[in-house]
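Peer 1: Dock chain V against chain R, hints included.
Given next are the chains, with one letter for each unit.
2 protein chains.
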Amino acid sequence: MSVLVVGSVALDSVETPFGKADNVLGGSGTFFSASASHLAPVQLVGVVGDDYPMAQLEPLRARGVDMAGLEQTAGQSFRWRGRYRHDLNSAETLETHLGVFSHFSPKIPAQFRSAPFVFLANIDPRLQLDVLRQVERPTLVACDTMNFWIESRRPDLLELIKHVDLITLNDGEARQLTDCTNLVKAARWIMERGPSIVIIKKGEHGAFLFKERSIFFAPAYPLEDVFDPTGAGDSFAGGFMGYVARTGDLSDDNLRRAVVYGSAMGSFAVERFSIQRLLEIGPADIAARVADFKRLVAFEEERSA
Amino acid sequence: MSVLVVGSVALDSVETPFGKADNVLGGSGTFFSASASHLAPVQLVGVVGDDYPMAQLEPLRARGVDMAGLEQTAGQSFRWRGRYRHDLNSAETLETHLGVFSHFSPKIPAQFRSAPFVFLANIDPRLQLDVLRQVERPTLVACDTMNFWIESRRPDLLELIKHVDLITLNDGEARQLTDCTNLVKAARWIMERGPSIVIIKKGEHGAFLFKERSIFFAPAYPLEDVFDPTGAGDSFAGGFMGYVARTGDLSDDNLRRAVVYGSAMGSFAVERFSIQRLLEIGPADIAARVADFKRLVAFEEERSA
Chain R
1 MSVLVVGSVA LDSVETPFGK ADNVLGGSGT FFSASASHLA PVQLVGVVGD
51 DYPMAQLEPL RARGVDMAGL EQTAGQSFRW RGRYRHDLNS AETLETHLGV
101 FSHFSPKIPA QFRSAPFVFL ANIDPRLQLD VLRQVERPTL VACDTMNFWI
151 ESRRPDLLEL IKHVDLITLN DGEARQLTDC TNLVKAARWI MERGPSIVII
201 KKGEHGAFLF KERSIFFAPA YPLEDVFDPT GAGDSFAGGF MGYVARTGDL
251 SDDNLRRAVV YGSAMGSFAV ERFSIQRLLE IGPADIAARV ADFKRLVAFE
301 EERSA
Chain V
1 MSVLVVGSVA LDSVETPFGK ADNVLGGSGT FFSASASHLA PVQLVGVVGD
51 DYPMAQLEPL RARGVDMAGL EQTAGQSFRW RGRYRHDLNS AETLETHLGV
101 FSHFSPKIPA QFRSAPFVFL ANIDPRLQLD VLRQVERPTL VACDTMNFWI
151 ESRRPDLLEL IKHVDLITLN DGEARQLTDC TNLVKAARWI MERGPSIVII
201 KKGEHGAFLF KERSIFFAPA YPLEDVFDPT GAGDSFAGGF MGYVARTGDL
251 SDDNLRRAVV YGSAMGSFAV ERFSIQRLLE IGPADIAARV ADFKRLVAFE
301 EERSA
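Chains R and V, in that order, give the protein sequences.
Under the working numbering, the first residue of the first sequence carries the number 1, and numbering increases by one thereafter.
Under the working numbering, the first residue of the second sequence carries the number 1, and numbering increases by one thereafter.
Warning: the hint list may mix true and false statements.
Below, a sample of chain R positions facing chain V; criterion: calculated Cβ distance under 10 Å [as the list claims (entries may be wrong)]:
id	residue
1	ALA74
2	GLN76
3	PHE208
4	PHE216
5	TYR243
6	VAL259
Bear in mind the hints are in silico, worked out from the structure with no lab data behind them.
Glycine included, C-beta positions come from ideal geometry on N, C-alpha and C.
Same shape as in the complex, but just chain R:
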């Protein structure tokens, strides 16, 4: 089954302690698509300017990303310039030019409206709500958000979460949204307001999946070389939603596996700039990394205990 994603398609310029990349493919929709397309067909909705290097998106199209919903309009594409310091934990934004993205009004093509799995990447919650008005009873709707919207669009965001099944957000955002320092309490706060599933991402410290009273935790993969953290969260979401779309199974056991696929895809994303690594890998790499995750946390309880 396919997964519909609505998000940004951008050009990133990134500086890390290991190198520099200028005007490379970026944006939540791009990372999500590059990741999810390893697991399921993807339908991408977004907007770019007339300066966008469309040919560079060809590898995504070749892997099954349907770009019928990617508008190209007159103007500049969304550009982000950022830098990571030595610890790679947080990006320092040096410049953001929204360009045509500032007037983005997602139009879901008719053939995408019945997508069973929908991911509303990190955009204005008013637009996320607008997308929900255009789709037809999806099986699972997930959304992402960020500190900016939690602050500036709180009522819209609270309205949005009434209508989604799942929200992904990072630990700082979860605390900001709920005013609960404790993440278990933060997740409960959110679950009382709509989503039955909450994923709290802690970056290099892994991710929690909350569903009813069940809590699952997957560590981040302990890479020796994290090259560029940009897009890790969106690649995580792509792996998660792609796996859910591939299996169509919303059981607790399967959602746990989906989190591991998400963590695996996130761990690939950070090994190179942009979506480079996500374009290189294949099913065997993904299977091997999932097996590594299994070994990473595996222990047997004592028989006699």
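Peer 2: Chain V only, in chain R's frame:
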């Protein structure tokens, strides 16, 4: 088999967002003993002043902590006063009075010298080395340390780690000691200099166990209420070493289980002030929490993948 611990026995005054405790039992040796004694006999070596409320240690003695190595000398006991802010992540030290601890010179009683498992809690590495000269070929020697010694006693610490099998330290300390930001690289750096096993503790973010090329990760237990983080690391070490001493098994599988026991004991420690919670719990509580850890990280790989 028994485990010997050499560490501080102190009086803590702690303030958290949830309350205050004055002059309660604290210190690395105390937390370690309260934790490890659930799993194995403990031999405690430390020093207190003539002001120490010895009667309050009775519950530990009753649970099998041999205090033949706990000296009481004229003077003030080690006292620490600290505060945790809302996020509970790091203690702010308000006062430290070393008292008799400043002249601590561990004397291992003859009957303790053949202890098969030895834990050198966080004290001056010169004293840790001195303990090693007094014991007879233990099966496993583990040590802890802290930023203060990494800075002020680096040559001694590097000498010490040549002679220990295992070191536990937190992520910040591992980075400080090795000058590697990446924890996998930091662990390798340490393993090249002595210990064959490295445990890097990340507080609320869990703990890594490194042994040869194997990496194991155990999350911290997602408690809804963390009351007082003091002693979590030493309780972790106590659970780990206690489990290793109980089983006498140094296989990779068993060390993984030991990390989970450590994490379980650490998670109990933070539920109350001082060693209160560690004194309340029994085998059924520990088994239940270990089972919870198993559920927390459990996922099955896809059969067909």
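Peer 1: Each of the hints needs a verdict: does it hold here or not?
Peer 2: Hints and how they fare:
A distance limit of 10 Å between C-beta atoms decides the matter here; for R/ALA74 the minimum to chain V is near 44 Å, and the interface restraint is violated. A cut of 10 Å between beta carbons decides the hint on R/GLN76: the least distance to chain V is about 35 Å, and the hint is violated. Annotation: R/PHE208 was flagged as interfacial toward chain V, and the flag holds, the nearest CB pair being 7 Å apart, inside 10 Å. Interface restraint check for R/PHE216: the shortest CB-CB distance to chain V comes to about 7 Å, inside 10 Å, so the restraint holds.
Proximity of R/TYR243 to chain V holds as hinted, the smallest CB-CB distance being about 9 Å (cut-off 10 Å). About 8 Å separates the beta-carbon of R/VAL259 from the nearest beta-carbon of chain V, less than 10 Å, and the hint is met.
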